[in-house]
Amino acid sequence: MGSTSEILGISEEYIKKSCRLSLNDRFSNELFHVDKSSSDAVFIVFKGVCTVEEWFSGDGAFGETKINYKDWSKEAFPSMRSIGNEDVAIVNQAFLERFELVTKDPNFGKEVGLAVEGKKLIIFTGHSSGGAIAMLATIWFLEKYGKKNTGTAKCVTFGAPLVGDFIVSHALKREKWSKFFIHFVMRYDIVPRIMLAPLSSIQQELAPVLQYFTANDHPYPRDSIATNLYTNVMRNTSALASHAACKLMGNTNMLLETLTNFIKLSPYRPFGTYIFCTGNGKLIHLDNPEAVLQLLFYSCQLNHENEIEATARRCIKAHLEDYETELLERSLEENVVNVDELEQLPLASDGTALDDLGLSTRGRLCLRAAGELEKQKRKNQDQIEKKRPEMEEAMKGLREYKTFNAERAGYYNAFKKQDEKRDFNANVMRLVLAGIWDEIIEMLKRYDLPDEFEGEDSWIVLGTEFRRLVEPLDIANYYRHARGEDTGAYMKKGRPRRYRYPQSWLEKKNDLEKGSCGESCFWADVEELLKAANNSGGKVDGAMAVKVQVGVAKWIEEIEWIEGIEDRALDKEVFLKESTFLQLWDKLGPLKLQQERIRALMTDITNLSIS
Amino acid sequence: MTSNQFSSGLESANFVLTSDPVHQAWNAIEKQKQINPNAEPSLFDEIQPENPTIIAFGTPPSSLSGQEALVSSSSLKEDNFAHFEFLCNKTNPNFSLNQAAIQLFKSQYQELLQLKEKLVENSKSRTPSLVIITGQSVGGSVATLFTLWLLQGLNLSKAKRPLCVTFGSPLVGDEQLRQCVLKFSTWKSCFLHIVSNQDPTPQLFISRKPGAYKPFGTFLLCSALGCACFEDPDIILEQLVKTNSQNQECHYGNILSDLKCKALCNFSTEAKLDSSLQACLITQLQAIGILLQQQPSKEIDSLIVRMKKHETKLLIQKKKNSDSDKKLNEMKVHMAFLEWYKKESRQPKIGGYYDRYRNQGNISDVNVNEFKKKLMNYWEDSVTEVENKPQIEGAHFRVRWLWAGTNYRRMVEPLNIADYYKDGGKNYKSEGKRPKHFILLEKWLTGVVKPEATPSKSKRESVGASLNEDSCFWAQVEEARILCNLVKNGSVDEKERALQELKNFEADVYSSLKNYALSPEIFLEKSSFMQWLKEYKGVVEQPYSSLLLDFMKERNDQAYEEGTFIFP
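These protein sequence lines map, in sequence, to chains X and H. Numbering that gives the first Met the number 0 applies: residue 0 is where the first sequence begins, and numbers increase by one. Numbering that gives the first Met the number 0 applies: residue 0 is where the second sequence begins, and numbers increase by one.
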C-alpha cells in the first residue's frame, strides 16, 4: 500500500482542489471555468447540467450514439474504436453535444494550448454531469496531444454518470490512457448508476431530482420519487450486472441470449480508475472496469426490504452532500486501499476495507470472476507469446524461400506453380503460421486477449512482417486453385482476417487512412487485372491499373521503412522475367503509365537477368 | 483447475428475474384466466399482438391426477398424428410424450396450425415481432409442445428465437425427447420453466412414474429465500421431487414480485470457503431453500459433487468447441502433405500416388498412412456429427465444409481402396466395405452440385492438377483387372458376362474423360489403369476398336492433360 499520490499519480492537494472547484457553484452559468491559481497545473472545471434533455438526447433508449455520428466527433476521437473488429465506441449523445459547445468556444482551445505550451499539467474536472463532460474533454485532449506526449492531463470526476461503452474502456487501455482517469464515487450515490437504466423507466423521476441537484434552492423531491428512481435504476443495474457476471463466469446457457433479444441492456460501462468512498473515510481503489460495474450494484444494495425509502433518500443526498465531507474534511493520505488480485478475494468479510462496501458472498464471487477473466486474458496472451519461436522459425524458412527464388522466378510465381519440394515445404510453413494467426484473430474477435494487445509494437511489427511475407503466398494459393473464377476476387471474397487485422493495426499506429497499407495485396490486384486483360470481352479496370503501377513506383522509390520491420513491402522480384506483373505490363497497352522509375528499373533488371 | 471455475446459476436467475419477459408472461396468464377461465373453446389466447407477441395457454379445469401415461411417437404415427416426427433422428428414432398434453394439443390441432402459420409468416416479415409463448400447469406443457412445433417452421438463421415460459408445469416427455431436442443446437435455449418449491404440480408425473420423464431447457427453481437456474436434468429431477406441499394453485405473480424485491437486498449468507465453484454452488442451494444450515450434510455434499461434475462437463464442451478450428487447420496441413505425396509420385515409373501407395516401397508411404488415418478419423467424426443432426438442421451445413470433405474424399479414398485390394479384398463398393462417411459425403455433394453438360474451359485447363471426381475410380479399375483374369481363366459363361462388364467399364471411362472428370495421372506408364488397359487389349476379341482405344492410340492423353483436347 503506497501513499495516495503514489497510487493515483496525483497529489492529495490537487484532488482536493479539483473537488472544491467542482462543487463550487459560483460559476454555474459558464460552460467551463479555468483556474490557474496553481503554479504547475491548470484546472478546467465543467459544470453540470440540469434538464433531462441535457442528459438524454437522440433516439437511443439510453441516450446513446456512435461517437463518430458527426464529422467533428469522427475527427476528434479517431482512436475510440476496436481496431481489427472495427467496433466504434458508443457515448452519451447529450454529453457529447454539450462538449461540442465547449470545443466551439475559442477560449477553450486557447487555454488548453497555453497550458500545453507552458508545460503545465491540465486537470479536467467536474461533479455530476460536469464530470461526464470532463471525461470527454480528457479523451479529446489525449487524442490531440497524448500521442506525441506534448501535454499531460488528468481527469478527476466526482459522482459522474457513465458516458461511454465497453469500447471506450477497451480503446483507452489499448492507448495506455486509462490511468489518466480517476473517478470518485460515494458508495450510495445514485448518479453513477443512472445511465444503466433506460430513460423510459426513470423519465418522470429524473426531472425533479436533477432540479434538486443543480438549483440551489430546490426542495428535496417527494420520497416516492426517490424510491421509484432508486428501484428502477437499481433493478436495471442488477440485471446488467448479472448479465455481465454470467459472461465473466463463463456461462454457456444460451437462454440468456434468447432473453437478451427481448430486452434492452444499457451499453454504458465504467472506464479508468474508480475510487469508492465507503462513508467512513476509506477509499477503495479499483481499475478493473468489470469489477467496478459489479460494485456499482453490490455496494448499493439494501440491507433489508423495509430500508428502501431511507436508502433511496440517502442515494440522492449522497450525490449532493457527501463528497465534501468525505474528501475535503479528511486527510486522504493513507486511506486509499488498492484492491488487486481480485481473483483471490476472500469470500466472506475479513475485516478489510471491502467489508465497508457491504459485499455479500455473491458479490465477492462476481468480483473474483472479474479478476479471473483479466487473468485469463493475460494467460491467453502468454500462450501465444510462447508460440513466437515457432512463428519465427517458419518465417525464417519462408524468408529463405523468398531469397532463394529471388534469383529465379520470384517466390510468388514459384509458389503458384508448386513444382519443387521447397514449394511444398513453404506451403506447410504457410499453414503453420496461418493456424497460429487464425487462433489469435479468433481470440481478438471475442475480446479474449488483453485490451492492450492491438497496440503492442512487437505484435504490430510481427503482424506486418507476417503479412508482407506470407500474404502473397495466400494470394498465389487462391489463384492457383483458380478460385477467383467461381468465388470472386481475393480482395472481395478470399482475404483472411489474419491479414486484415494486422493491416489495420499498422494503419492505426501510423495514423494512416484505412486501406493505405494494402501493399501485401499487390499480387491480388495484378491477378485481377491480368484476368480482365486475358479475357477478350473483359474490361481492364483503368483505375486499378493506375493504382498498381503508381504503387509499384512509390514503393520502390521510398522504400518504406518502419522501425524493426524486416520484410519489405515489395521487392524487385516484381520485375523478374516470368513475373505475373510483367505478363500484365505487356498487356496493359494504353494503360501503361510512363513512370520513369518503373521503366528504368525494368531495363535494369531485364539487362541483369540477360547478362 | 476447479479453483477458478464458477457456476452462474444465481446470476442467470437474477437476470431472468429482473428482466421483463417473465413478468409479461405471468401477466398474460392472469389475463387469459380472466377472459377465458375454462380455456374453452379455445385453449389459448393471443394476449398481446406484437412486440412481443404473447400467446397464453389456459388450463382446462380437469384434474391432473392419473394423467401420467406416456405415448410413444411411433404409436402417434400409427394414429396418423406424425406432426412431431421431425424431432426424430438416426440415433433417436422414437420418443414419448405425456398423453394428456398431446391429447389437448390434438383436440385443438386446426387452431394451433393456424396460429403456427401466422407466427411463421410474421417471422418472415421485415420487422418480425418477438414471440413469448406461455402457460401454467398443463397449459405450460401444451405451450412447450407448441413451441417445439413452431421452432420446426422457423428459419433460425434469420428469425429470432421465441421464448417459452412455463409456470409450475408437469414434464412433457422422456429422455429420448430430451435427446431429440438437444440435437438442435439452440432449441433448448428457448425454454424457461419456473417452478416454486411450494408447487406440487411439476413433480406429479415424476413421482408416479419414476425415471420415465426427463426435463429439458432451463429451470428457475424458486423458494421463499431466492431462486437459481439449473440445466442439469438429473439435478432438476432430484430437486423437483423434493417439493412437499399440498397447495393447489401457486400464485407465481406474488412469488416473482416478492423475489424481485428481494433481488435488491443483500443477504448476508456467508460461506467461509475458498473455492469459487464450491461457494457458487452452496449459495445456489441456499437460494432454493435446500441448504439451510451452515454445515452441509452428507446428502448435500454428494449433490454438490454431482453439480461440480456437470459444470466440468460444460467447461469441457466449451473447450472442445474452441479447439475445433485448430483441428481443422491441422487437417489442412495433413492434406498438404498428401498433395505433395501425390505430386512426387507423378512419374511414369511410379504410376501415380495410388499405385505407389499400393506397392508400399518407401518410408514416406508409412507417413502417408499416418496422415490418412488421422484424416479419416477426423472426417468420420465430423460426418457423424452432421448426420446426427436432425434433417432440417443438417441441411444447413456449410457448403464450404462439404467442399473440403469432397476434396478429402477424392484424395484419401483411393488410399483406402489401395489398402483394401492389396489385402486381397473384392467388391469394395458392392459388398458394404466402403466406409459410411465416404458414401454420405458423396451423397450430400450430389444434392448440392448439378452436373454440367460439357466441361467448362477452366475445368479443362485445370485438369492437370485435379483429382478423379469419382473417388471409387480405382476400385473399378481393380475390379476390371479381376474381370480380365476371369475372361482368361473362367468358364464360358463367366467369360461372356465378364467381357460385357469390361466393355461397360470401358464406356464409363470414356464418358468420364469426355467430362474431364479423371485426372491425367491415370495415364502414367506404371499405373494400374494402364496395366488394365494392356490386359484388356489382350483378352478382348480381335480385331476390336473403341472410342477409348482410339483415344489412346492417337496419344490424345497429352492434349487431355493440357486441357486442349476437344472430344468429338
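Any given hint might turn out to be false.
Chain H stretches covered by chain X per the calculated footprint, using a threshold of three residues with CB under 8 Å from any CB of chain X [stated by the list, open to error]:
hint: 1; region: 106-112
hint: 2; region: 180-191
Below are the EDC-like pairs computed for lysine to aspartate or glutamate, each with C-alpha atoms no more than 16 Å apart in a straight line [stated by the list, open to error]:
hint: 3; chain 1: H; residue 1: K318; chain 2: X; residue 2: D447
hint: 4; chain 1: X; residue 1: K416; chain 2: H; residue 2: E561
hint: 5; chain 1: H; residue 1: K261; chain 2: X; residue 2: E451
hint: 6; chain 1: H; residue 1: K259; chain 2: X; residue 2: E304
hint: 7; chain 1: H; residue 1: K318; chain 2: X; residue 2: D86
hint: 8; chain 1: H; residue 1: K331; chain 2: X; residue 2: D437
hint: 9; chain 1: H; residue 1: K213; chain 2: H; residue 2: D231
Bear in mind the hints are in silico, worked out from the structure with no lab data behind them. Quick reminder that beta carbons are idealized off the backbone N, C-alpha and C, glycines included.
Okay, the hints, checked on the actual structure:
no., hint, result
1, 106-112, "violated (count 0)"
2, 180-191, "holds (count 6)"
3, K318(H) / D447(X), "holds (14 Å)"
4, K416(X) / E561(H), "holds (15 Å)"
5, K261(H) / E451(X), "violated (39 Å)"
6, K259(H) / E304(X), "holds (11 Å)"
7, K318(H) / D86(X), "violated (26 Å)"
8, K331(H) / D437(X), "holds (13 Å)"
9, K213(H) / D231(H), "holds (10 Å)"
Hint violations for this structure: numbers 1, 5 and 7, all remaining hints satisfied.
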